Amino acid sequence: MNKQSIRFLIVEDDEMIRLIHKDFLRDLYPESEIIEAENGAQGICHYFESQPNIILLDMMMPIMGGETFLDILEEGHHCNILKNNPKIIVVTAIKDVKELMSIGKRFAVEAVISKPLVQNQLKSLLEDWIP
Amino acid sequence: MKSTIPQNDDFIDVPVFEFEKALKRVHQKKDLLKRVLDIFVNSLSERINAIKTELNNENWQSLESLAHSTKGSSWTIGAQQLGDISYAMEKAAYNKDIRLYNDLFLIFQDSVQRFLEVEKKMND
Numbered sequence: 001m002n003k004q005s006i007r008f009l010i011v012e013d014d015e016m017i018r019l020i021h022k023d024f025l026r027d028l029y030p031e032s033e034i035i036e037a038e039n040g041a042q043g044i045c046h047y048f049e050s051q052p053n054i055i056l057l058d059m060m061m062p063i064m065g066g067e068t069f070l071d072i073l074e075e076g077h078h079c080n081i082l083k084n085n086p087k088i089i090v091v092t093a094i095k096d097v098k099e100l101m102s103i104g105k106r107f108a109v110e111a112v113i114s115k116p117l118v119q120n121q122l123k124s125l126l127e128d129w130i131p
Numbered sequence: 132m133k134s135t136i137p138q139n140d141d142f143i144d145v146p147v148f149e150f151e152k153a154l155k156r157v158h159q160k161k162d163l164l165k166r167v168l169d170i171f172v173n174s175l176s177e178r179i180n181a182i183k184t185e186l187n188n189e190n191w192q193s194l195e196s197l198a199h200s201t202k203g204s205s206w207t208i209g210a211q212q213l214g215d216i217s218y219a220m221e222k223a224a225y226n227k228d229i230r231l232y233n234d235l236f237l238i239f240q241d242s243v244q245r246f247l248e249v250e251k252k253m254n255d
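First to last, the sequence lines map onto chains A and B. The numbers in my numbering rise by one with no breaks, and the one at position 43 of the first sequence is 43. Each position in the second sequence, counted from 1, maps to that position plus 131 in my numbering.
None of these hints come from the bench; they were simulated from the model. Computed from a predicted structure; not experimentally measured. Every residue, glycine too, gets a C-beta built ideally from N, C-alpha and C. Hints may be right or wrong, so weigh each one.
Rough simulated footprint, nothing fancy, chain A against chain B, three-plus residues with beta-carbon under 8 Å [said to hold, decoys possible]:
(1) 137-151
(2) 156-162
(3) 197-206
Produce the entire structure from the sequences given, and follow the hints as far as they go.
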């Protein structure tokens with residue numbers, strides 16, 4: 001991954017949090033492409049269209065939540081419909097530790113970060129992947 | 132003996148709005164904080180109306196989801212009191228406790244007023 005061609009997908013129903021994520025990513029990687037989705041269903045469409053490298057995913061969203069989003073992605077990869085392997089960072093306000101651990105084991109999930117997001121956590125993760 | 136019914140006082144020590152925390156979340160960008168706060172403030176009446184509707188229908192999944200979403204937004208923006216009340220509402224919805232949810236919802240609406248007053252003072 002390099003800074004110039006990186007594509008982010010933000011899947012988050014809260015407009016306010018999307019704006020904060022977007023501003024943060026824009027500061028870190030000014031040349032990146034940032035795509036936004038308000039729920040998992042939109043996220044899947046954008047995923048097929050844009051093949052993002054990194055996804056910031058909320059779990060509880062109306063219409064389609066993060067669980068179903070991950071199910072579809074996993075199925076797509078098993079069936080070889082989706083070729084690339086995205087890195088998914090789940091950003092969630094879920095507090096139940098067991099639930100968080102189970103999310104962490106899901107397909108392509110590289111990290112689970114609690115809301116409110118501490119941006120330094122996200123920054124250090126991204127800097128490992130995009131030097 | 133302490134009443135099990137939640138009261139406004141149960142949350143009164145929790146800060147209504149933590150400006151410094153909010154500013155830190157937006158990397159000290161005051162203009163971004165203003166935009167974010169505008170979105171949050173504008174969403175509050177919509178959230179209250181949605182909760183009222185779902186309470187009438189006793190739609191627990193939606194009530195839990197609405198409280199969960201409000202919790203995340205509130206904590207992100209430094210509205211600690213609203214976030215803590217929303218968290219209690221989320222748990223009440225999970226347990227399908229209509230009485231508790233209703234009591235907490237009243238406290239939530241009072242807390243919204245307190246938040247709006249603080250936010251207005253900050254803008255003046």
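Hints, one by one, checked against the model:
As drawn, the region 137-151 of chain B meets chain A at 0 residues by the rule of a beta-carbon pair under 8 Å; below three, the given contact is violated. Look at the region 156-162 of chain B against chain A: 4 of its residues bring a Cβ nearer than 8 Å to a Cβ of that chain, three or more, so the hint holds. Only when three residues or more bring their CB closer than 8 Å to a CB of chain A does the claim for the region 197-206 of chain B stand; here the count is 6, and the claim holds.
In summary, the one numbered hint that this structure violates is 1.
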